[in-house]
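Order-wise, the sequence lines are chains Z and E.
Heads up: the first sequence begins at 1 in the numbering used here, then just goes up one per residue.
Heads up: the second sequence begins at 1 in the numbering used here, then just goes up one per residue.
Hints should not be assumed to be uniformly reliable.
In this list, chains with the same sequence are indistinguishable; a pair is considered to hold if it fits within one copy or across any two.
Taking lysine to any residue pairs in the SDA-like style, the calculated list, with each CA pair at most 25 Å apart, reads [claimed, not checked]:
id : residue 1 : residue 2
1  : K30       : N217
2  : K328      : A158
3  : K328      : D282
4  : K328      : T81
5  : K30       : P266
6  : K2        : L163
7  : K30       : G78
8  : K328      : S23
9  : K328      : I196
10 : K30       : R261
11 : K30       : C70
12 : K328      : R96
13 : K328      : P38
14 : K328      : P71
15 : K2        : S144
16 : K328      : N95
Calculated directly from the structure, the hints in this document are not laboratory data.
Protein chains: 2
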Amino acid sequence: MKRTLISLADGRDLIYYDESDDSDRSAVDKRDLPPPPPASEIRYDPVLDEWVAVAAHRQERTFLPPQNECPLCPSRPGHLTEIPADSYHVAVFENRFPSFSDRLTGEIADADGILAGARHGFGRCEVVCFTADHDSTFGALTPSRVRTVMEAWADRTADLSALPGVEQVFCFENRGEEIGVTLHHPHGQIYAYPFITPRTRRMLGSARRHAEDAGGNLFADLLAAERSVGDRVVVSNEHWTGYVPRAARWPFEVHIFPHRRVPDLPALTDAERDAFGPLYLDLLRRLDGLFGTPMPYIAAWHQAPVRADRDLAYLHLQLFSIRRAPGKLKYLAGSESAMGVFVNDLRPEDAARMLRESGS
Amino acid sequence: MKRTLISLADGRDLIYYDESDDSDRSAVDKRDLPPPPPASEIRYDPVLDEWVAVAAHRQERTFLPPQNECPLCPSRPGHLTEIPADSYHVAVFENRFPSFSDRLTGEIADADGILAGARHGFGRCEVVCFTADHDSTFGALTPSRVRTVMEAWADRTADLSALPGVEQVFCFENRGEEIGVTLHHPHGQIYAYPFITPRTRRMLGSARRHAEDAGGNLFADLLAAERSVGDRVVVSNEHWTGYVPRAARWPFEVHIFPHRRVPDLPALTDAERDAFGPLYLDLLRRLDGLFGTPMPYIAAWHQAPVRADRDLAYLHLQLFSIRRAPGKLKYLAGSESAMGVFVNDLRPEDAARMLRESGS
Numbered sequence: 001m002k003r004t005l006i007s008l009a010d011g012r013d014l015i016y017y018d019e020s021d022d023s024d025r026s027a028v029d030k031r032d033l034p035p036p037p038p039a040s041e042i043r044y045d046p047v048l049d050e051w052v053a054v055a056a057h058r059q060e061r062t063f064l065p066p067q068n069e070c071p072l073c074p075s076r077p078g079h080l081t082e083i084p085a086d087s088y089h090v091a092v093f094e095n096r097f098p099s100f101s102d103r104l105t106g107e108i109a110d111a112d113g114i115l116a117g118a119r120h121g122f123g124r125c126e127v128v129c130f131t132a133d134h135d136s137t138f139g140a141l142t143p144s145r146v147r148t149v150m151e152a153w154a155d156r157t158a159d160l161s162a163l164p165g166v167e168q169v170f171c172f173e174n175r176g177e178e179i180g181v182t183l184h185h186p187h188g189q190i191y192a193y194p195f196i197t198p199r200t201r202r203m204l205g206s207a208r209r210h211a212e213d214a215g216g217n218l219f220a221d222l223l224a225a226e227r228s229v230g231d232r233v234v235v236s237n238e239h240w241t242g243y244v245p246r247a248a249r250w251p252f253e254v255h256i257f258p259h260r261r262v263p264d265l266p267a268l269t270d271a272e273r274d275a276f277g278p279l280y281l282d283l284l285r286r287l288d289g290l291f292g293t294p295m296p297y298i299a300a301w302h303q304a305p306v307r308a309d310r311d312l313a314y315l316h317l318q319l320f321s322i323r324r325a326p327g328k329l330k331y332l333a334g335s336e337s338a339m340g341v342f343v344n345d346l347r348p349e350d351a352a353r354m355l356r357e358s359g360s
Numbered sequence: 001m002k003r004t005l006i007s008l009a010d011g012r013d014l015i016y017y018d019e020s021d022d023s024d025r026s027a028v029d030k031r032d033l034p035p036p037p038p039a040s041e042i043r044y045d046p047v048l049d050e051w052v053a054v055a056a057h058r059q060e061r062t063f064l065p066p067q068n069e070c071p072l073c074p075s076r077p078g079h080l081t082e083i084p085a086d087s088y089h090v091a092v093f094e095n096r097f098p099s100f101s102d103r104l105t106g107e108i109a110d111a112d113g114i115l116a117g118a119r120h121g122f123g124r125c126e127v128v129c130f131t132a133d134h135d136s137t138f139g140a141l142t143p144s145r146v147r148t149v150m151e152a153w154a155d156r157t158a159d160l161s162a163l164p165g166v167e168q169v170f171c172f173e174n175r176g177e178e179i180g181v182t183l184h185h186p187h188g189q190i191y192a193y194p195f196i197t198p199r200t201r202r203m204l205g206s207a208r209r210h211a212e213d214a215g216g217n218l219f220a221d222l223l224a225a226e227r228s229v230g231d232r233v234v235v236s237n238e239h240w241t242g243y244v245p246r247a248a249r250w251p252f253e254v255h256i257f258p259h260r261r262v263p264d265l266p267a268l269t270d271a272e273r274d275a276f277g278p279l280y281l282d283l284l285r286r287l288d289g290l291f292g293t294p295m296p297y298i299a300a301w302h303q304a305p306v307r308a309d310r311d312l313a314y315l316h317l318q319l320f321s322i323r324r325a326p327g328k329l330k331y332l333a334g335s336e337s338a339m340g341v342f343v344n345d346l347r348p349e350d351a352a353r354m355l356r357e358s359g360s
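Hey, can you work out the whole structure from these sequences and the hints?
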């Protein structure tokens with residue numbers, strides 16, 4: 001794999017990940033771009049003990065452009081995009097409308113007393129283009145392309161983890177307008193956060209209590225129990241198993257774990273990386289096969305924080321869809337959004353069975 | 001106010017709250033209904049240390065019926081609804097498709113070891129009809145009707161709090177198809193949970209730490225600070241203040257507190273109840289006036305748990321909308337749904353100013 005770093009017209013980084021060494025990556029970004037927006041602000045919420053990002057400039061981000069204005073397609077005469085080359089395999093670049101950024105300009109006005117707690121939203125937000133083919137999907141990639149995407153995720157995780165203020169790196173894909181996607185071109189994102197995220201904090205708190213009480217690793221023990229019971233397992237091979245958690249929150253939710261506990265994507269072996277693509281592509285085909293319509297989904301890599309509790313964490317991919325039936329979505333309404341109580345309309349065992357039988 | 005309890009054809013409770021004593025509430029539910037579904041199941045998630053409800057029967061719930069089949073309209077010849085009377089002021093009844101129920105039938109199969117933790121989803125789910133007028137909205141109610149709704153909320157909170165296994169009562173309104181509402185008739189809901197909800201646990205944990213560290217009540221100190229700073233205050237009167245929190249998660253989010261700390265709705269005085277309606281109606285008008293289109297929103301009453309930490313809690317209404325601009329919604333995508341990190345595209349100070357200037 002060949003890695004080429006270039007600068008876009010406004011100074012943002014772009015990295016090509018090429019499957020062959022003969023690609024020409026000399027194309028220059030000729031656009032006339034304004035400077036990137038300043039970093040967002042993060043504010044501390046003393047009620048929920050969490051940081052919230054305020055990124056007002058994101059109101060202006062590109063919203064469902066027509067295909068001939070897609071900013072993620074390769075550049076062509078008359079249409080210059082975020083990617084100067086006329087083709088690419090996988091390309092990663094800094095988001096033009098980032099929620100977190102290391103371009104710290106301007107002052108952040110903090111407050112006094114109980115309202116204190118405001119600082120620059122330091123970090124990075126990157127876009128990962130999976131293919132130059134605008135009309136493709138992640139599920140339609142070849143296993144070797146998924147392998148290239150994994151290399152990009154692992155490489156970016158390692159690079160972003162080395163930034164001084166970054167505490168956690170999150171690789172994910174949002175798919176489908178129903179879930180808020182504003183660009184149709186197949187792509188994912190990477191967020192490098194300046195704090196450990198709320199969900200990760202809670203997961204690691206549970207893992208710490210479990211280690212103290214039971215002596216084992218929470219995630220490893222759950223994976224072993226699910227593999228032993230078996231009725232919620234959807235896919236598995238030599239290195240990975242995907243199962244619907246017994247207390248799944250979403251109508252279709254699958255957690256995919258490598259059989260060997262590793263903290264993050266860079267720690268995966270070549271054999272583990274090779275084995276992921278076929279299993280995940282099989283799962284995505286089953287998901288889209290459920291109702292004969294492309295499923296909106298979120299695919300979220302849970303990685304260990306950069307410098308805390310790496311011995312408790314266990315890399316896994318959380319894949320979930322908000323579609324509960326043809327034409328019906330699961331919404332986060334009062335109980336979920338205001339109280340944090342999820343009501344799942346589908347039994348996890350039924351969801352697992354439907355996924356196992358899908359496309360068979 | 002006159003309160004009349006009747007039984008629906010399948011044994012569910014219905015309560016009329018009437019603004020005059022002369023209403024005839026003798027109408028009988030003549031429908032031929034199947035028995036209510038069994039209670040859901042709640043399952044413990046050891047990773048996030050939370051209970052999740054699994055209510056498979058809810059897949060079949062009524063979904064966006066045409067107006068002439070609305071189950072919340074008064075009954076009329078040829079169309080028998082959930083409400084036998086031919087008119088009503090406010091009516092509350094047990095949800096036919098409840099997430100939680102006290103009709104415990106069937107066995108719940110628990111598991112062993114790390115997968116253990118499953119029991120009946122004991123509790124109650126009720127529907128609150130705000131008006132017999134199908135085409136109205138909460139914001140179009142009169143202040144005296146809002147007062148009647150408050151009486152119903154307080155009465156139901158007291159009653160449901162007395163059920164032996166209920167730990168928290170949650171009164172709320174989901175408004176708008178964009179937020180998942182499946183019935184257009186103006187209505188809210190009440191959930192009586194068999195546990196303290198995750199968000200409430202976190203809020204009370206913060207309040208406990210604040211009381212130990214600073215000596216005061218977290219919510220009272222925040223309210224005082226926001227009233228003192230003032231630039232995020234949207235509405236206020238003698239008894240109530242509504243402000244946009246400094247670390248708001250949603251584009252438009254207002255927290256409304258009574259000036260006197262009370263644990264829950266039943267603890268409000270008559271004067272406090274009288275003062276709420278005009279202030280809240282003003283706020284809803286401002287919200288709908290922002291973009292000249294009805295705003296989808298969730299309105300959530302945060303009440304103290306039934307028997308824990310009532311000295312730390314502080315009743316308040318959390319009102320928030322997912323609309324961030326005309327034609328654009330805020331979605332909970334990867335960062336919010338998988339990591340719990342909210343990114344707000346609107347500065348809370350700007351949201352407060354927009355609401356203050358709305359309709360002026």
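Structure-based check of all given hints:
no. : hint        : result
1   : K30 / N217  : neither (52 Å within a copy, 57 Å between copies)
2   : K328 / A158 : neither (39 Å within a copy, 35 Å between copies)
3   : K328 / D282 : within (24 Å within a copy, 34 Å between copies)
4   : K328 / T81  : between (35 Å within a copy, 24 Å between copies)
5   : K30 / P266  : neither (34 Å within a copy, 66 Å between copies)
6   : K2 / L163   : within (23 Å within a copy, 66 Å between copies)
7   : K30 / G78   : within (11 Å within a copy, 70 Å between copies)
8   : K328 / S23  : neither (45 Å within a copy, 39 Å between copies)
9   : K328 / I196 : neither (34 Å within a copy, 29 Å between copies)
10  : K30 / R261  : neither (45 Å within a copy, 61 Å between copies)
11  : K30 / C70   : within (17 Å within a copy, 59 Å between copies)
12  : K328 / R96  : between (33 Å within a copy, 19 Å between copies)
13  : K328 / P38  : between (39 Å within a copy, 23 Å between copies)
14  : K328 / P71  : between (31 Å within a copy, 20 Å between copies)
15  : K2 / S144   : within (14 Å within a copy, 71 Å between copies)
16  : K328 / N95  : between (32 Å within a copy, 20 Å between copies)
Against the hints set out earlier in the document, violations occur for numbers 1, 2, 5, 8, 9, 10.
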